[in-house]
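Chemist: Got chain A; can you put chain W on it based on the hints?
Residue strings, one per chain:
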Amino acid sequence: MFEEYNTSSSAFRLPFRLPKLSVSVFRTLGVYFSGALFGLGFYILLNASLYSHFLNGSNIHMRFFPDWMPLVLSIMGMIIINTIDKGHLQAALSSGDSILGGGAMGDGSGSERSIKIVLFMGFALLAGGVSGSVSVLVLKYIVAKANWQTLSMGIANVACNVCIMISCVILWACQNVEEEYSYSLAL
Amino acid sequence: MRITPLTKIISLSTVLATGFLLIILSCALFHNWLPLIVVGIFIIAPLPNAVCESWATSDDFLNESNNTILDLGRFLTGFLVISGLSVPVILANNAIIHRAAMWMSLSGGLLVYATIITFSAFFHEPEEF
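Here the protein sequences come in this chain order: A and W.
My numbering puts the first residue of the first sequence at 51, with every later residue one more than the last.
My numbering puts the first residue of the second sequence at 60, with every later residue one more than the last.
Because the hints were derived from the structure by calculation, they are not lab data.
No residue lacks a Cβ here, since even glycine has one placed at the ideal position from N, Cα and C.
Mixed in with the good hints, there may be bad ones.
[To be verified] Listed next, the stretches of chain W that the computed footprint assigns to chain A, with coverage defined by at least 3 CB atoms under 8 Å from CB atoms of chain A:
#1 127 to 134
#2 137 to 146
#3 152 to 166
[As the list claims (entries may be wrong)] Which chain W residues stay away from chain A? Per the calculated CB distances, all over 10 Å, these:
#4 ARG61
#5 THR66
#6 ILE68
#7 ILE69
#8 SER72
#9 THR77
#10 LEU80
#11 LEU106
#12 SER117
One chain only, chain A, in its complex shape:
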C-alpha cells in the first residue's frame, strides 16, 4: 500500500502531503500579508499615539514632529521602491558591475543610472525610518529616563517601522518571484 506514496513524489512516509502552492498563489498570499503587516505597523503607532493622548501619566507626549517622522520616511521609501518598473530594474542591475551603471565606456543610458539612484534613495529612506525610530526611542525616552509605560511608546515606534520595512521587503520579493511564472505561461 505504500507504493503509491513512493511513486508520487511525497516527502513523507505517512499518507499526507503538503498542499502544492503554485507561484501565483504564493505571490497573492504574500501581497495580502504585506498589506496586513503594513496596517499592523500603522495601527501599532496609532495605538501608542492614542495612549499618549488619553491614558498617559507622564509629561512626555507624542508629537507629530519626532514621533511620526520615521513612519513618513518609511512610507516614502516604500512607495519609491515599489513603483520602480521591474523590467527596467533587471536590465539596469544586469548591465555591469559598476555601481553607477554603464561601465568605463560610459555607454550606460541615463535611465539605468537614475533607476539605481532612485532605488538607493528608496532603501536609504526605509533604513532611515528604522534608524530614525531607534534614535527617537533613545533620545526622547531612554535619555529622559522614562518609566516603562512611557517607554512603550518609543518601542511601539520602532516596532511600527520594522513592520513596515518587513512589509516592503515581502511586497518586493513577491513582485520579483513572478518573473519565471509569467515566462512559463508565455510559452
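Modeler: Chain W only, in chain A's frame:
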C-alpha cells in the same frame, strides 16, 4: 438536499442583519458611536479587489501592468481588513470604548465582511471565453 439560490440569499441576509445588529448594539448600549467606523471599513474592504480586477481585465491579457494593479488591490484589501480588526482593539485598549463593545463590533464586522465575501463567491459567474 440542493441549496437553492433563494435559501442562500435569505441566510446571507440574515447573517448580514445579525452583523449590523451587533455593531449597532455595541454603539447604542454604551452611548458611544465610534465602533460604527468598523462598518464603514468592512464595507469598503472588498472594493479595492473588485475595482482593480475589472481595471486589470479591461486591458490585454497577461500585460505587465495587470499584475501590478492586482497587487495594489490585494495590498489595500489586506490593509483594510487589518484596519477593521485593529480599530476596535486600539479603541478599547485606550479605554475609549468598552471591552464588550470591542468584542461585539469585532464579531459584527467579521460577519458583515464574511457575508460580502461569500455573496460574491456564490454568485460569481465565471466569464466565458
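Chemist: Work down the list of hints and note, for each, if the structure agrees.
Modeler: Here is what the structure says about each hint:
1. Evaluation of the coverage hint for the segment 127 to 134 of chain W: fulfilled, as 4 residues show C-beta separations to chain A shorter than 8 Å, against a requirement of three.
2. Counting residues of the segment 137 to 146 of chain W whose CB lies closer than 8 Å to any CB of chain A gives 8, which reaches the minimum of 3, so the coverage claim holds.
3. Under a criterion of three residues with beta carbons nearer than 8 Å to beta carbons of chain A, the stated coverage of the segment 152 to 166 of chain W is upheld, 4 such residues being counted.
4. Interface exclusion of W:ARG61 from chain A stands, the closest Cβ pair being 29 Å apart, more than 10 Å.
5. Under the 10 Å C-beta cut-off, the non-interface status given to W:THR66 relative to chain A holds; the minimum distance is some 31 Å.
6. W:ILE68, annotated as away from the interface, keeps every beta carbon of chain A farther than 10 Å; the closest lies near 28 Å.
7. Listed as outside the interface, W:ILE69 is consistent with that label: its C-beta sits roughly 31 Å from the nearest C-beta of chain A, beyond the 10 Å cut-off.
8. Listed as a non-interface residue, W:SER72 keeps its Cβ farther than 10 Å from every Cβ of chain A; the least gap is roughly 27 Å.
9. For W:THR77, the condition that its CB be more than 10 Å from all CB atoms of chain A holds, with the nearest at approximately 26 Å.
10. Residue-level check passed: W:LEU80 sits 26 Å from the nearest beta carbon of chain A, beyond 10 Å.
11. Distance check on W:LEU106: its Cβ is at least 14 Å (rounded) from any Cβ of chain A, clearing the 10 Å threshold; non-interface status holds.
12. No Cβ of chain A comes within 10 Å of the Cβ of W:SER117; the nearest lies about 19 Å off, and the non-interface call holds.
Hint compliance for this structure: every hint is met.
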